[in-house]
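Visitor: Spelled out from the first residue to the last, the chains are:
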Amino acid sequence: MSTRTLISPAQLARPRGKALYWVVFGLVVALFTVVFLGPMYWMVSSGFKDTQEVVQTPPTLVPESFQPDNYSQAWNVMDLASLLGNTLFYAFGALAFQLVFDVAAAYSLSKLRPVFGKAILGLMLATLMIPATVLVVPQYLTVLDVPIFERNLLNTPWAIWLPSVTNAFNIFLLKRFFDSIPRELLDAASMDGASPMRTLRSIVLPISRPILGVVSIFAIVGVWKDFLWPMLTLPDPSKQTLNVGIYSLSNGVPMNVLIAALTMASLPTLVIFLIFQRNIMSGLTAGGLKG
Amino acid sequence: MSAPSLTPSKAASARHAQPPVDGPPRRGGAFGRSLKRNLTAHGFLIGAVLCFAFFSWYPMVREFFLAFQKTDQGEVSWVGLENLETVFNDPAFWQAWRNTALFTVLALVLGFAVPFVVAIVINELRHGKGYLRLLVYLPVMLPPVASVLLFKYLYDPGYGMLNEVFGFFGLPEQQWLQDPDLSMLSVVIASTWMNMGGAALIYLAALQGIPGELYEAAELDGAGLLRKIWHVTIPQTRLILSLMLLMQIIATMQVFVEPFLLTGGAGPEGSTTTVVYLIYQYAFNFNNYGAAAALGLLLLVLLAGFSAAYVKLSRAEDE
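Chains A and B, in that order, are what the protein sequence lines are.
At position 268 of the first sequence the residue is numbered 268 (UniProt numbering), and the sequence of numbers has no breaks.
At position 223 of the second sequence the residue is numbered 223 (UniProt numbering), and the sequence of numbers has no breaks.
Please keep in mind that the hints were generated in silico from the structure rather than gathered at the bench.
Glycine is no exception: its CB is placed at the ideal position from the N, C-alpha and C atoms.
A portion of the hints provided could be inaccurate.
Partial pick of chain A residues on the chain B-facing surface, computed with a CB cut under 7 Å [unchecked claim]:
hint: 1; residue: THR5
hint: 2; residue: ILE7
hint: 3; residue: PRO9
hint: 4; residue: PHE25
hint: 5; residue: THR142
hint: 6; residue: ASP145
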């Protein structure tokens with residue numbers, strides 16, 4: 001079933017090869033588990049320890065003092081409910097904006113092909129070549145005073161939502177997928193008198209579910225993981241995201257409570273990942289590289 | 001390109017309605033139809049284009065102007081190369097570039113090699129691939145504040161797990177983030193742990209595309225494990241490897257969040273001050289947007305070459 005790799009099946013079939021395989025396999029699984037899961041296990045379990053035990057050496061593997069109210073304390077003291085609410089609000093808002101604007105743009109560039117379409121796509125892709133951090137300063141100044149509209153977007157969700165649309169990579173990913181939808185399908189729809197909007201809604205979008213899923217997950221996780229931009233544009237503590245809020249409160253709370261807060265802040269994206277891991281991984285390897 | 005057998009009218013319509021998507025009822029002139037089609041198409045584009053205009057294209061232009069301007073209490077004046085001079089004369093300037101270069105080199109040694117080795121190992125195993133893949137990608141899904149604070153605790157010289165592990169193997173304890181000689185390495189280790197998942201999965205996909213016969217042929221020639229990696233695996237994944245290398249360089253030269261959260265940015269004796277941290281300081285601690293933009297422009301010029309190479313290579317891969 002699986003294709004041949006570095007080590008030949010014949011070598012593996014020999015008793016010595018078999019034994020060696022299982023030893024290596026055991027070592028790899030153990031090492032990976034310790035390296036990748038270890039720190040996370042330490043985080044979750046330390047969230048249950050009391051203040052002494054959490055800084056004790058050597059550290060305990062299983063918490064001896066069981067303090068589940070670290071979690072409720074973290075929830076109340078750091079006001080995680082509102083930080084979580086803010087983050088969800090920004091993440092799903094950004095998702096909505098990206099789905100509407102980026103999908104429409106990719107559809108137009110791929111299937112409607114307006115004049116200057118190629119040039120516009122080129123200009124969009126050019127933004128991928130500019131190091132993102134270089135643009136942070138002028139972008140911040142734009143948010144302070146949006147030209148023409150003369151609005152200050154500081155401390156408003158627009159500061160997160162609108163720049164999130166400028167995701168050339170998503171547009172590129174979507175366009176490539178739309179390009180693969182057979183022309184005849186859309187022609188048939190327009191023969192029947194379907195408007196471009198109707199075609200998009202009833203033909204293109206249903207076919208594109210896999211790529212829409214991938215783009216959606218990346219959009220949400222992107223906002224969830226972002227740090228610098230929300231730190232700059234949402235200085236008001238009541239408007240902050242989980243990342244920024246926890247960071248700015250991190251010095252004032254006991255370590256075990258802080259760790260409990262970190263655990264809770266990590267859960268949503270981990271859960272998303274565990275549910276959608278298949279889609280994420282296929283999306284990552286299908287289009288993850290080309291930019 | 002146009003076949004001579006086409007009648008003039010056919011040729012004309014082929015030229016106009018390149019995509020015959022929406023032209024169902026043939027009403028109005030060709031011009032009217034094409035105008036309507038274009039208006040619809042641009043209508044679909046407008047939202048994204050406006051966002052790009054305000055939050056990408058305009059800032060790109062502005063970055064360039066800012067580098068040669070000074071903003072003083074809302075008053076903007078042209079100062080020519082003065083900002084560049086300020087940046088050059090800053091004692092932190094060369095240190096920041098040295099640190100960034102050090103970070104990039106260390107991140108290439110670790111962050112480039114480790115995921116590749118991990119991908120090879122996972123690819124060789126016949127069992128538990130799904131579990132291992134999942135493990136490697138898990139840290140990528142953690143919010144950076146969580147992973148960074150996690151590492152801060154692991155590195156702690158007092159109760160940190162890492163020194164505990166070192167002690168177990170009889171190695172001397174280290175100061176990690178507090179030691180100016182080790183602080184950058186510590187940042188790189190944390191950063192590799194946080195970010196390697198994506199690269200490892202991409203390599204894994206590339207490895208699965210290598211035809212098995214190549215390994216068989218190499219074996220017939222008497223190649224051992226390492227020679228098979230050197231002569232088959234690496235050449236076969238060359239394009240992906242070089243793309244990832246360029247991407248790594250571009251990404252690591254812009255490192256900010258990890259040192260900012262782990263060591264407060266500067267680190268002991270400024271040992272983790274990176275170029276982007278310096279930009280951040282100019283802009284948001286000293287309100288000197290001009291200097292920040294000038295330094296940003298230098299970074300942009302340096303990275304433009306890598307970006308161009310990346311675009312060229314990924315085009316080659318598309319074909």
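Visitor: State for each hint whether it applies.
Guide: Cross-check of the supplied hints:
no.: 1; hint: THR5; verdict: holds, 6 Å
no.: 2; hint: ILE7; verdict: holds, 6 Å
no.: 3; hint: PRO9; verdict: violated, 9 Å
no.: 4; hint: PHE25; verdict: holds, 6 Å
no.: 5; hint: THR142; verdict: holds, 6 Å
no.: 6; hint: ASP145; verdict: violated, 10 Å
Going through the hint list in order, the structure does not satisfy hints 3, 6.
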